[in-house]
Amino acid sequence: MAKVLGYLQAHANVLKWIFFAFLLGTLVFDFMIERHHAHFWGDSLIGFWALFTLFGCLGMIVFCKGLSHVWLAQSEDFYDREDSDNVE
Amino acid sequence: MLSNTVLLHPASYFIIGALLLPLFGRVKIAQKVILLAVPLLAFWQIHYLPESFGVCHFMGFELTFGRVDKLTYVFLHVFTLMALIGAIYCLHVKETGHHIAAFLYVAGSLGTTLAGDYLTIFIFWELMAFASVFLIWYRKKKRSIEAGYRYLLVHTVGGLILLAGIFLRYQNCHDLSFTRIMAEGATTADYLIMIGFMLNAAVPPIHAWLPDAYPEATVAGAVFMCAFTTKTAVYVLARGFPGFESLAILGAIMTLYGVGYAVIENDARRILAYHIVSQVGYMVCGIGIGTAMAVNGACAHAYAHILYKALLFMGVGAVLEMTGKSKLNELGGLYKTMPVALFFTVIGGIAISGFPFTSGFISKSMIIAAAGVDHRIIIMLMLSLAAVGTFLSVGIKLPYFIWFGKDSGVEGREAPWNMNLAMAIAAFMCIFLGVYPEYLYKMLPFACDYHPYTAYHISETLQILGFTGLGFYLMVNYLHPEPKLNLDVDWFYRKGALVFMWCARKPVSIANDWVGEVYRTVGMRFTMLVAKALSWFDWEGIDWAVDGSAKGVVKGGDRMRTLQTGKIQQYIGGAVAALMIVLLVVVFL
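Going down the list, the sequences are from chains A and B.
Per the numbering used here, the first sequence starts with residue 10, numbered consecutively.
Per the numbering used here, the second sequence starts with residue 1113, numbered consecutively.
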């Protein structure tokens, strides 16, 4: 199995194009399917979930990583070097 | 009667097993037989449980140890199956105490699931918290010991809130049977009970114990813990509180809160722990929506989630066991040496992301669809967005940075056979449920008319998965794991504890000295003065006083003096004890 994975990694370019073809395929597939009982307006738009996902995904990464960088991230011994700072 | 209950109750097998294990401390093969036989026996036996058993009277309360219906059954089924998988996974663990803790933990979970009244629930609830903390402590590192204490303290607080709710409820309606509570007539007591349950379900903002403790547990302990505590809480919420709007909203927030942290975290097991918060959010949300389809979805998702989350914990646990590392920034390129663990972890990853033909596809979508049918569009979109984050963080990021990414040079070996076997069983179940969903749907509490494999659903899922992949591809450099700690609400009690300790060291200590000084100068003289005055009054003043009362007062003064130790903590302790007695009198009279 490791050999197969190594082979695939060596041909990452091919994989990339297969992946893009797959993305296109999902959109084409969305054209062809039947849509009954939509829950809301988005369900009747072709490619809605593709756009929703792409923007949601990028937005989530930027928001979470950004929040981490400006506020949440601390050094790993943040809670261990307690006794000195913050309190005394 | 009693022996019947003991023989019928699946939890008693685990308790008996836990008692037997230390007797065979030197006969490892016998221990292994017990470890496998007990969960197997329980898994077989739950099919033959009567609807009600083990009803007994204790101090005027009616306790019900066994109440079985479809809702109970589906949880019992997955709990015993998971106990079996977990037992196989930890067969190689040498410490007998670890196995005992795991068995008692499972017993607590099964006992809670079967309990028909609040007192029985409380007993098993506390057994669960108490037993599981040892699964953290057995890691035997300083961080684990500390995390274990925090875990125990948080769960003690949760248990006390639950107990307060139970007391209040008993005072209100003199009935402790555990049945559905209607959202319209819910009282403070019911909400206290709900908060107690919600703490174990890790609903923000009382969730921080979970990502704090689970990554510090032992490799095998984390596999057990990810399955039982939160899902037992999901069961009691599904039993008692379906249709509570607050649960629907908090559940939807939970799903995004969990994935948000999973996107930025660095430790593989902490990513998975935050993901429990997210996934349990789907269940809590389904329970909050409260329709038959939504509660069905919550149960189905609990079943599927236990298996794939355990599989993921087993996969990264195997890496931790073999390499001693679980931080993404220290790992990478392991596909050459640990391909089997990669294979199983990826199956867990695609199952949790809801690929077609995996268990996540047939369970998660049920809750999202239930939200749609109920016209809760915002909640539905929140749940869908959380699905995007799930695939991003656990489906792609986690395997990519452990097994591919940069070559870290970390040497790995394949895990022992028992770990691989446990992963294989869980992986099989993930695929099996996806291919044959009827197996799970038949077990659900309500009649189920849901068909996951529609063309539209498949198209929607493929788009979500595919374009999440595109998002990762575009942002992979920005997503690089960083060796950082991310603050969460546990900051309040971890930093708060320091303030408390400072108070104990400085002001309280000063006040203590001061009170001691005051006592020495004032208290003693005052006591002596009163005693003297009274004795004079008795001896000199009044002929008709009862003989010996003066001596009594002197004695009383002496006793007062010994009582007044001048230590402030004893005064506070006395005051709390008095308060407890008053409270008990109020509750029980």
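These are computed hints drawn from the structure, not numbers from a lab.
Check each hint, because a few of them may be wrong.
If the Cβ cut is set under 7 Å, some of the chain A residues that face chain B in the computed set are [claimed, not checked]:
#1 Lys12
#2 Tyr16
#3 Leu17
#4 Asn22
#5 Leu24
#6 Trp26
#7 Ile27
#8 Ala30
#9 Leu33
#10 Asp39
#11 Phe40
#12 Ile55
#13 Ser77
#14 Val79
#15 Glu85
#16 Tyr88
Each residue gets a CB set at the ideal place from its N, CA and C atoms; glycine is no exception.
Results of checking the hints against the structure:
1. Lys12: violated (9 Å)
2. Tyr16: At about 11 Å, which exceeds the 7 Å cut-off, the nearest Cβ of chain B leaves the hint on A:Tyr16 violated.
3. Leu17: Since the shortest Cβ distance to chain B is 10 Å, the answer is violated.
4. Asn22: violated (13 Å)
5. Leu24: violated (11 Å)
6. Trp26: violated (12 Å)
7. Ile27: Where the cut-off is 7 Å and the nearest Cβ of chain B is about 12 Å from A:Ile27, the hint is violated.
8. Ala30: Violated - the Cβ of A:Ala30 stays beyond 7 Å from chain B, reaching only about 10 Å at its closest.
9. Leu33: violated (9 Å)
10. Asp39: holds (5 Å)
11. Phe40: violated (9 Å)
12. Ile55: violated (10 Å)
13. Ser77: holds (4 Å)
14. Val79: A:Val79 check fails; min Cβ-Cβ to chain B is 12 Å, beyond 7 Å.
15. Glu85: Check passed: Cβ of A:Glu85 comes within 5 Å of chain B, closer than 7 Å.
16. Tyr88: holds (5 Å)
Figure legend: structure checked against the earlier numbered hints; hints not met, in rising order: 1, 2, 3, 4, 5, 6, 7, 8, 9, 11, 12, 14.
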